[in-house]
Amino acid sequence: MIALVVGVVVVLTAANVLENRVINMLIMVILVVGLYVFAGNSGVFSFGQIGFMAIGAYTTAIVRIPPDTKEALFPKLPAIQLSPLGATLLGGAVAALAALLVAIQLMRLSGLAASLGTFAFLNIIYVVASNWSSVSGGSTGLANVPQTTTKYTGLLWVAIAIVIAWLFQLTRQCLRLRASREDEVAAASVGIGIYYERIVAFVLSGFITGIGGALFAEYYGTFNPDAFFVSITFLTVAMLVVGGRLSLSGAVVGTLFITAATEGLRRVEQGVDLGVVTIPARPGLQEVGVALTMLVVLLLRPAGITGGTEIKLPRPPRARVAAARVVEEEAT
Amino acid sequence: MSQTIQYVINGFSLGSLYALFALGIALVFGIMGLINFAHGELIMAGGFALVVFQNPSAWLRVLLVVLVVIVLALAMERVAFRPVRRADPETMLVTSFAVSFLLQSLAILIFGGLPHSVRPLSSVSSESFTIGGVHIQYLDVFAVATTVVIVIGLGLFLSRTTIGVQMRAAAENFTTARLMGVKANTVIATAFALSGFLAAVACMFLVAQTGIVEPSIGLAPVLAAFIATIIGGLGSLPGAVLGGYLLCAITVALQVTLPLNLRPYRDAFVFAALIAILILRPQGLLVARSQYKRV
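Those sequence lines, one after another, are chains L and B.
Going by the working numbering, the first residue of the first sequence is number 1, and it counts up by one from there.
Going by the working numbering, the first residue of the second sequence is number 1001, and it counts up by one from there.
Worth double-checking, as some hints may not be accurate.
What the hints assert, rightly or not - Quick list of simulated restraints, FRET-style, between CB atoms: (1) B:THR1176 x L:LEU170: 14 to 24 Å; (2) B:GLN1003 x L:ASN20: 47 to 57 Å; (3) L:ARG267 x B:GLN1006: 51 to 61 Å.
Said to hold, decoys possible - Just so you have them, the derived chain B footprint on chain L, three or more residues with Cβ under 8 Å: (4) 107-114; (5) 196-207.
No lab work stands behind these hints: they were computed from the structure.
For glycine and all other residues, C-beta sits at the position ideal for the given N, C-alpha and C.
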């Protein structure tokens, strides 16, 4: 996984990409890793995680909009002010709390019923955010959040999100959850409390997604409820499935892959001069291309690009020999 | 009082549309376990077919729309869904997202993102009559009547024809049905063709009500249908119809009973009710036999 982080750094510094694309990609990585922590490990697809992104974004915005602007534009907001880091953490914490409340209700469900339940939650958040004008600014949203997210804070949070997800994967808790993913009935029969295990993963996922939302608010500065609805939900789900939904590497690879495809096609769309042939500018080509790419990947590799395996650092040769010896000794 | 009746009548008309969309999704789900999000793009394709064929007579237009949508549904199955037939449900679902993205972006590329207005199929669609102070649009009556006819027709098709019986067998247990000589490709293609037919019919009513067609026209209906099929019981066809009408009933009931200051939040209450139904009956209201878990 660390290799992946390094890879991200290399991409960031080497590629001549606009800074806003890079930061947008980093935020997407956090969101998809957040989704993966729950959906990948539990096998239950959630269409509601973007609701936690919204909660993180609004919470952060409320404690970050400068006092004078707040008084002028949104007089009913509480007068609390926090530092960017504090606001990001608060965004994650409030989202995690919301995730706990949702999980207590919804984690009794399994399969598609659970997916639909989370989707209903997303809709409730959307309707409330669009109408609760005194707090959320209604359908016009909130504005003037200081733009404090940079490449480096973004990258730092990506690393933190990946490490959290990876450490979680090493715990017994996660192993029990994965057992329930493979076979719910068998897992329950050996004493795994699926309800409880799913709640833990859901809350952790809500926290990471909330952080993603907080960074989103601190990057764009202005947003409205439409930013947290169906299209970004589909996009994150698609990124996870294209990458391979059963592994953390898949979550990261899928995001990088789809972002790269989008970025590449965006340039083709503006017209490319290849010396011999000139591809004319063609607006709308990007979306068609991205959809086609996704489709081709899914048809060729239904389990996603990584196929559910983790990308590992190659072990140093000595360690490998030692490991082989242990195996041999155990065998004899 | 008459206002309430008005709401109920409008609710019945909208519920019929939801039921038709939900039936299309449930038919395909029952047989191959795919929740087809691209069903919304079948609706969109029907809408644009109405835009393209503005001039022929009403009957010819209806025929052309149905034909275009059925061909698209079959093409979708052949190109995109057949290769992932054995994959897990999530992969199939995301494949259908991708198909839906693709068709929507193609529509934007060809027709542009702005709404197109459509010449109505006939002048009757905007006329109405009044009984006891209640305005009833002919269109609403026609939508409910058509839905009833289609539901009965579909029931007869599934119980009386060979292919219908084969489809039911495949929905109950696909492997066993194949062992009995049911052709997998034929039943799946038939399910897609039927779902295309249902989408085309529902699309014509939808466009007659709104008068416009745009690339995102399919999203709201497909979400409503998705909800209707799950609360009705996934894979159960009567459940899909019931779910469609129930969803509308809840919406209308909340519209009538909520106090004015809470009315903007109506949809939030609808979804809260939905969560309550899911928690009480996670398997849906009517359980299809294929969905019982065997251990």
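In terms of beta carbon proximity below 8 Å, does the segment 107-114 of chain L have 3 or more residues touching chain B? Result for this restraint: holds, n = 5.
Verdict for ARG267 of chain L, GLN1006 of chain B (Cβ pair) under range 51 to 61 Å: holds (54 Å)
So does GLN1003 of chain B sit 47 to 57 Å from ASN20 of chain L, Cβ to Cβ? holds (50 Å)
Does the Cβ pair THR1176 of chain B, LEU170 of chain L satisfy 14 to 24 Å? Violated, since THR1176 of chain B and LEU170 of chain L (Cβ atoms, about 42 Å apart) do not stay within the stated range.
Tell me whether the statement that chain B covers the segment 196-207 of chain L is true, taking a Cβ distance below 8 Å and needing three residues at minimum. The restraint on the segment 196-207 of chain L is violated, since only 0 of its residues have a Cβ under 8 Å from chain B and three are required.
Violation of the numbered hints given earlier is confined to hints 1 and 5; the remaining hints are satisfied by the structure.
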